[in-house]
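S.K.: In the numbering used here, the protein residues as written are 6 to 167.
Misleading hints may appear alongside valid ones.
Stated by the list, open to error - Okay, derived cross-link-like pairs now, EDC-like style, lysine to aspartate or glutamate, Cα gap no bigger than 16 Å in a straight line:
1) Lys58 - Glu126
2) Lys63 - Glu24
3) Lys125 - Glu100
4) Lys115 - Glu73
5) Lys115 - Glu126
No lab work stands behind these hints, which were simulated from the structure alone.
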Amino acid sequence: MRILGIDPGLQVCGYACLETGGDKDALIEAGVFQTDNDLAIEARLNQIAEDIKSLLEKFRPDVVAVEELYSHYAHPKTAILMGHARGVILQRCAEAAIEVRSFSATRIKKSLTGNGRASKEQMQRTIQTILSLPDVPEPSDVADAIAAALCCGNSINSIAAV
């Protein structure tokens, strides 16, 4: 099964394509795409939509794993802007008829480390170990996308085991 993990963001989106099944998960590709900060929000959202469409066409995932939005009361505007980016991502997945699974940050962390409050560094080291990577995945947007994909794979595998 092929899973595309996405860490949504208005400025930077992380992505990771993971192949799962059998004894080991394999990372196909991971990276980021960025929007031009000088553009209006609608143009930036269009950039995200085009980048997501390209990723969906390139990797042909069976499912897309996206981190749910977290809203801190001190930064409501950030959550709204992130919601715009996440909405564009979900729309592109719907357009391509690809299933989307959403996971909270705490569930993703707990799935990988056993601790829902794990630090970014702990998450990166865990991902490095699970996937036998030579280095920790960076930047954190990439690590978050890989983590979402791994969490999705764990979720699917646990359902299949039942």
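S.K.: Broken hints, numbered, in rising order?
M.R.: Hint check: 1, 3 fail, others pass.
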